[in-house]
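Protein chains in written order, with the working numbering: chain A, 5 to 481; chain B, 5 to 481.
Zero decoy hints are in this set.
A pair holds if it fits inside one copy or across any two, identical chains being indistinguishable in the list.
Keeping only pairs whose Cα atoms sit at most 16 Å apart, straight-line, the calculated EDC-like set for lysine to aspartate or glutamate is:
1. 443 <-> 422
2. 42 <-> 82
3. 32 <-> 284
4. 153 <-> 109
5. 327 <-> 72
6. 318 <-> 330
7. 333 <-> 137
8. 255 <-> 332
9. 130 <-> 37
10. 32 <-> 131
11. 459 <-> 413
12. 479 <-> 410
13. 318 <-> 379
14. 42 <-> 112
15. 42 <-> 108
16. 153 <-> 108
17. 42 <-> 109
Keep in mind that the hints were calculated from the coordinates and are not lab data.
Everything numeric in this text was worked out from a predicted model, so none of it was measured.
Chain by chain, the residues run as shown.
There are 2 protein chains.
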Amino acid sequence: MANDKKLVEAITSMDVDFAQWYTDVVKKAELCDYASVKGCMVIKPAGYALWENIQHELDRRFKESGVENVYMPMFIPEGLLQKEKDHVEGFAPEVAWVTHGGLEELQERLCVRPTSETLFCDFYAKDIHSYRDLPRVYNQWCSVVRWEKTTRPFLRSREFLWQEGHTAHATAQEAQERTEQMLNVYADFCEEVLAIPVVRGQKTDKEKFAGAKATYTIEALMHDGKALQSGTSHNFGDGFARAFGIQYAAKDNSLQYVHQTSWGLSTRIIGAIIMVHGDDNGLVLPPRIAPTQVVIVPIQQKKEGVLDKAYELKQILSGFKVKVDDSDKSPGWKFSESEMRGVPVRLEIGPKDIAAGQAVLVRRDTHEKITVSLDGIGESVARLLDEMQKDMLEKARKHLQAHTYEAKDFDTFAKIIEEKPGFVKAMWCGCQECEDKIKEMTGATSRCMPFAQEKISENCVCCKKPAVKMVYWGKAY
Amino acid sequence: MANDKKLVEAITSMDVDFAQWYTDVVKKAELCDYASVKGCMVIKPAGYALWENIQHELDRRFKESGVENVYMPMFIPEGLLQKEKDHVEGFAPEVAWVTHGGLEELQERLCVRPTSETLFCDFYAKDIHSYRDLPRVYNQWCSVVRWEKTTRPFLRSREFLWQEGHTAHATAQEAQERTEQMLNVYADFCEEVLAIPVVRGQKTDKEKFAGAKATYTIEALMHDGKALQSGTSHNFGDGFARAFGIQYAAKDNSLQYVHQTSWGLSTRIIGAIIMVHGDDNGLVLPPRIAPTQVVIVPIQQKKEGVLDKAYELKQILSGFKVKVDDSDKSPGWKFSESEMRGVPVRLEIGPKDIAAGQAVLVRRDTHEKITVSLDGIGESVARLLDEMQKDMLEKARKHLQAHTYEAKDFDTFAKIIEEKPGFVKAMWCGCQECEDKIKEMTGATSRCMPFAQEKISENCVCCKKPAVKMVYWGKAY
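Next up, chain A with everything else stripped away, as it sits in the complex:
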């Protein structure tokens, strides 16, 4: 029995120390590990399987919307990075530089891509000639490097995996539509697959991407009330096109600049899955993204017929992702382990169950146990997984709502930020001075100007001048 408890006891309670709880889950659920390279991580099989499922779901949605995948080099010559002024200012301080190839010093330094706008622009400048070449809707799955000082698994690491889409369009309107379309792909994916509700909106100028005309974001609320920017989509207008000379001959033969977008979602989202759904027993995975949806735990597995029945059930449930835990560990250990790893449904089957023609199903999120007949067990499992997926989204939505506050004046705003972790909706005049002041005095940043605007009050929560936008504010990862 000591052994059975060990896995669970090793986790810090999330209410005691959320940061430590997070680190414990990452480690005990075997999602990733630190590498010898400072700030870089090893993504282990359980973590990578999650990423593969995310890739699979997103890639399908991308392709349905006309996206084509490509691969660009991982190196950017220094001169190329410098072509767009705002962009280089934003990224140059945090890139890794390659200075030597083999035994020779390079004539021009190369940075390891922190993002690939400049590479796509360089390519589009050569490759786009006529309106017939548009739109270009390219994406790549790759790793990028940003030389961060403080790092945390999945949330902030020097190298991370992501996809980056880069498009070129004939008109400004088409670029704006694509920018919003991809933000909605991310938002729908988060809600439908990851059971993570998000706030969709636009970043303020202060928070937008280096070189973008407008940045859109999906913001999710973690269990501790902090926000996590979970995906972004940028409209560049023709700024990069002018810097890189990306022009096309229009139908009337005039030479026009293209309008561009980019959008990305990274392994950071795995951090969101952990911090939105996890509990003191470990990871809790929404069924639609779980690498294993059902773990079958045979009880008294050495008794005749038990293991055979377990394998038979695996066959019957072949429409789901099922594993039989036939290891020589005790059932209690297996329960703890599959809970730690977040497996949505545990199926217990022992000699008594077999005799009674039934099995016990246990939901990971609620710990609810239900006894079901072996006849029609496929439907029972399907129903349970569906319910769990729906309930997890609902629970996360309630958490989001319960931790979203309103403030009409600065004192209320500051008090909420200090005492109640979550989002604060408050009006804003639109000037960066107020944004800076709010951050300085409360630690909260503007998360986004949501698409769904409300009028909380007439005036800016900071300077009391007439407000132009309602903003979600909060502390963020």
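Following the hints, put chain B in place on chain A, whose structure we already have.
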């Protein structure tokens, strides 16, 4: 009509200049393009779709054999690279070095991974403790960098995409079995999916991987008679384990070193697809790997009902990867273009065909035209794709056989190498002096000691001492 011919005329004939033909196909089939970074390439949608199909097929076979995917950092600290003596000697001269992160100089240089043995070993040393932790059968899909001086699209570039498997086993026997198993996965994949016959065998010590005890290879023969090493699998014995201290407690509690393997296949294989199957009209893709298997070309598409019929046929053929080319180009142009891109089957449908309840199918490899009834067109297409897949393998196999020679003495050997591009089977005494001499005098290298050994003669083709192995020799990419 001038337009219709343009695409075709732009290609150099393979008999005139094979290297130029290759470059032309790569460019005109829009597989990849040069990037601003010297020696790096942009893999375009048509090229990347091929790689995605290769990944999908290989990954499925990997997972069926128990492989789990992970992701390791792309950087290797210099000290880590140096831990295994042979390995660092092999790779240090051709790696790219990161010396600065952000605005600061790094205390220790990092190389961009040329391959990840050292990273996996470093991880396994921390992560493997007991025999219960074995075997570890990990793989990653990533890009690697080797600072090559001369580069060619897909065949040799400074950055390329690949997968690298890295395993750790309790016994030498298990490691040897895994090494051979993965070589056979590659070989079967090449033959069954890519329709490329390969010679399976072991590399000589001179040609083996830096740090390996034994390297196994699949060697394919290109249309010009040159060999292409298409995938390799290495048995490291316990060499790396000793260098990195990867030990496990055995069942008897004794401390043992693990036995390791690694195996990789890269985007280089796309070069093999081009050079084994291509012709003077462009790329020819085996149906099982083709991103588009059938292109429907409507004839007189402006006539009522033609386009509707084309879309209807796409629906009927939804079990295949089908595209309708409804662009405003001429049919002739569309024919050339789909031939250039290697689409296996062209389906022509015009008003007369519709009236007669038929369509014309054209095979990309043989240009054979067959008229088929619209009733049961799904079966006709399925049969044609199957035949084409089989015939392409058969044709490539005949080419391989017709260009594989035997030599019993050095003069014959040298004459064949000079006059007849292909493989030469000849006996070898096992010493590197002969290997070096053969390379120096004929330009041929030892490709492999095939698993299927034959006795061509008693003595080494070079020194005439008693032979120990029959070797495939040839000029190689």
